[in-house]
Amino acid sequence: MQSRRMMILRAVVEDYIRSHEPVGSASLAKNHKLGVSSATIRNDMSLLEEEGYLIQPHTSAGRIPTEKGYRYFVDGLAALIPLSNAQRRGIRTFLSGSVSLQDTLQRSARLLASITGQVALVASPALSKSKVKRIEIVQVSSSTLLVVVITDAGGVAQHIIQASNINPDDLLHLVNMVNESCVGASLLDASKRVYLLANRKDLASALQVISQLANALEDMHNGEHSYDLYMAGASQLAHRQNIGDFASLFDALEEQAVIMRLMTSLSEEANDCASGVSVAIGSETHTPGLLNASVVTS
Numbered sequence: 001m002q003s004r005r006m007m008i009l010r011a012v013v014e015d016y017i018r019s020h021e022p023v024g025s026a027s028l029a030k031n032h033k034l035g036v037s038s039a040t041i042r043n044d045m046s047l048l049e050e051e052g053y054l055i056q057p058h059t060s061a062g063r064i065p066t067e068k069g070y071r072y073f074v075d076g077l078a079a080l081i082p083l084s085n086a087q088r089r090g091i092r093t094f095l096s097g098s099v100s101l102q103d104t105l106q107r108s109a110r111l112l113a114s115i116t117g118q119v120a121l122v123a124s125p126a127l128s129k130s131k132v133k134r135i136e137i138v139q140v141s142s143s144t145l146l147v148v149v150i151t152d153a154g155g156v157a158q159h160i161i162q163a164s165n166i167n168p169d170d171l172l173h174l175v176n177m178v179n180e181s182c183v184g185a186s187l188l189d190a191s192k193r194v195y196l197l198a199n200r201k202d203l204a205s206a207l208q209v210i211s212q213l214a215n216a217l218e219d220m221h222n223g224e225h226s227y228d229l230y231m232a233g234a235s236q237l238a239h240r241q242n243i244g245d246f247a248s249l250f251d252a253l254e255e256q257a258v259i260m261r262l263m264t265s266l267s268e269e270a271n272d273c274a275s276g277v278s279v280a281i282g283s284e285t286h287t288p289g290l291l292n293a294s295v296v297t298s
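Sequential numbering from 1 applies to the sequence shown in the working numbering.
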């Protein structure tokens with residue numbers, strides 16, 4: 001693409017993201033140092049439209065980027081700007097007041113929404129990708145035990161199991177053996193290691209608990225909702241024009257399982273990128289409610 005048209009496309013994308021209004025050649029000539037007249041800009045915008053990078057929603061209106069235009073902008077024109085030292089200090093100060101992992105994640109979502117002016121979603125580390133830091137088994141009643149798993153990321157998962165006729169000393173011994181075997185393992189590996197404990201003669205009285213604990217750890221690993229999703233900034237959309245256009249977006253944001261699968265997929269792509277950032281635009285999200293939105297994941 002000709003360098004001047006690249007500059008014009010970049011200016012259109014940036015102005016449209018900022019104003020949410022179609023961008024005209026006169027405003028580009030006025031607000032950007034493109035070095036050419038508005039007539040020349042208008043001709044280049046027409047060429048960009050013919051090439052599929054821009055579209056004119058109304059005959060008398062300016063132009064807006066297409067998915068192809070956004071993709072070209074993201075892949076070839078946009079640049080990641082590192083945070084300044086002052087910004088980093090401010091973020092650390094804001095997050096330092098957190099009292100728990102959940103509080104940290106919620107604060108992170110609010111901070112990200114404030115910085116970007118967009119809807120921000122922050123997901124807790126998936127249990128399936130976490131490592132066991134500690135497993136506790138608490139006797140709630142004579143036949144009910146509460147399994148508490150603490151992960152290396154600070155997450156906590158709980159599961160109720162039913163078991164009878166296990167005395168406190170045997171339960172304590174089991175907990176010690178479980179932690180000796182499972183600390184540092186994934187939940188799935190921990191489940192397999194717990195199953196192997198059934199072969200120990202000194203744990204013969206705890207076979208029922210061992211079986212149910214192994215199943216509980218596997219269930220935690222496989223659980224579709226083994227995460228927490230924190231959202232902030234949705235209210236900012238209410239202050240924009242054409243609020244009705246965001247109805248499908250709001251509906252999509254309520255489908256946490258769908259959003260989480262998308263974020264997981266994009267985060268895996270981001271891990272393969274040198275920048276550590278992945279961007280899905282419109283139809284690339286494969287989510288009907290996000291056809292007019294983009295999702296940036298890191």
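In case anyone wonders, no lab produced these hints; they're calculated from the structure.
Worth double-checking, as some hints may not be accurate.
Restraint-style ranges between C-beta atoms, simulated for each label pair [what the hints assert, rightly or not]: (1) LEU77 with THR40: 34 to 42 angstroms; (2) LYS68 with VAL148: 49 to 57 angstroms; (3) ASP170 with THR93: 17 to 25 angstroms; (4) ASP75 with SER46: 56 to 64 angstroms; (5) ASN43 with GLY90: 38 to 46 angstroms; (6) TYR195 with ASP170: 42 to 50 angstroms; (7) ASP202 with SER142: 21 to 29 angstroms; (8) VAL296 with ALA39: 48 to 56 angstroms; (9) ASP170 with SER298: 41 to 49 angstroms.
Think of the CB as a built atom: it goes at the ideal place given N, C-alpha and C, for glycine as much as any other residue.
These are the hints, each one checked on the structure:
Between LEU77 and THR40 the Cβ separation comes to about 20 angstroms, which falls outside the hinted range of 34 to 42 angstroms. Look at LYS68 against VAL148: about 50 angstroms separates their beta carbons, and that is inside 49 to 57 angstroms. Checked against the hint of 17 to 25 angstroms, the C-beta distance between ASP170 and THR93 comes to roughly 49 angstroms, which is inconsistent with it. For ASP75 and SER46, the hinted distance range of 56 to 64 angstroms is not satisfied, since their beta carbons lie about 23 angstroms from each other.
Between ASN43 and GLY90 the CB atoms are about 45 angstroms apart, so this pair conforms to the stated range of 38 to 46 angstroms. Between TYR195 and ASP170 the CB atoms are about 18 angstroms apart, so this pair departs from the stated range of 42 to 50 angstroms. One distance hint, 21 to 29 angstroms for the beta-carbon pair ASP202 and SER142, holds here, with the actual separation near 23 angstroms. For the hinted restraint 48 to 56 angstroms between VAL296 and ALA39, the CB-CB distance of approximately 35 angstroms leaves it violated.
Against the hinted window of 41 to 49 angstroms, the Cβ-Cβ separation of ASP170 and SER298 comes to about 47 angstroms, which satisfies the hint.
The structure shown violates the earlier hints numbered 1, 3, 4, 6 and 8.
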